[in-house]
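K.L.:
Using the working numbering, read the sequence shown as starting at 19 and increasing by one per residue.
It is worth saying that the hints were derived from the structure and are not from the lab. For every residue, glycine included, the Cβ atom is placed at its ideal position computed from N, Cα and C. Take these hints with a grain of salt, some might be off.
Quick list of simulated restraints, FRET-style, between CB atoms [what the hints assert, rightly or not]:
1. L50 / F96: 14 to 22 Å
2. F54 / N21: 42 to 50 Å
3. W74 / K25: 21 to 29 Å
4. W74 / T20: 35 to 43 Å
5. L88 / N56: 36 to 44 Å
6. G37 / S79: 18 to 26 Å
7. D28 / N56: 23 to 31 Å
8. D91 / F54: 22 to 30 Å
9. E35 / S79: 21 to 29 Å
10. F54 / A97: 31 to 39 Å
11. R57 / R36: 17 to 25 Å
12. K25 / F96: 14 to 22 Å
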Amino acid sequence: MTNAERKEIDQRIALLERGSALFGRFGGSIPLVIAFLNRWPTTVELYPHWQVGESWKFFLSCLLYFLASLALDRAISFAKASLDP
């Protein structure tokens, strides 16, 4: 691999890393915005009622976005490690 190719790959990984950092910072607000736009849940319900209500979707989507953020961070760390000489 030439130095120009390595520099281009490093730039792409840095761009992905910045995008991942933004997703990690603001990704949790995406389910909140979706829930607000869909008008659910208007109240957060606890255990007996949340199974029948709609609030479980909100908590599940928050968890999924958090796990996606962790996966992106892990993928970037693997990509950086594979390029180190």
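K.L.:
With reference to the structure, classify each hint as holding or not holding.
P.N.:
Hint check:
1. In this structure, L50 and F96 break the distance hint of 14 to 22 Å, their C-beta atoms being roughly 30 Å apart.
2. One distance hint, 42 to 50 Å for the beta-carbon pair F54 and N21, holds here, with the actual separation near 49 Å.
3. For W74 paired with K25, a C-beta distance near 47 Å fails the hint of 21 to 29 Å.
4. For W74 paired with T20, a C-beta distance near 52 Å fails the hint of 35 to 43 Å.
5. The supplied range of 36 to 44 Å is broken by L88 and N56, whose beta-carbon atoms lie about 26 Å from each other.
6. Between G37 and S79 the beta carbon distance is about 20 Å. The supplied range of 18 to 26 Å therefore holds.
7. Take D28 and N56: their Cβ atoms lie about 41 Å apart, and the range 23 to 31 Å is violated.
8. In this structure the supplied range 22 to 30 Å holds for D91 paired with F54, their Cβ-Cβ distance being about 27 Å.
9. In this structure, E35 and S79 meet the distance hint of 21 to 29 Å, their C-beta atoms being roughly 24 Å apart.
10. About 35 Å separates the C-beta atoms of F54 and A97, a value consistent with the hinted range of 31 to 39 Å.
11. The beta-carbon spacing between R57 and R36, approximately 33 Å, falls outside the hinted interval of 17 to 25 Å.
12. A hinted range of 14 to 22 Å for the beta carbons of K25 and F96 is consistent with their spacing of about 20 Å.
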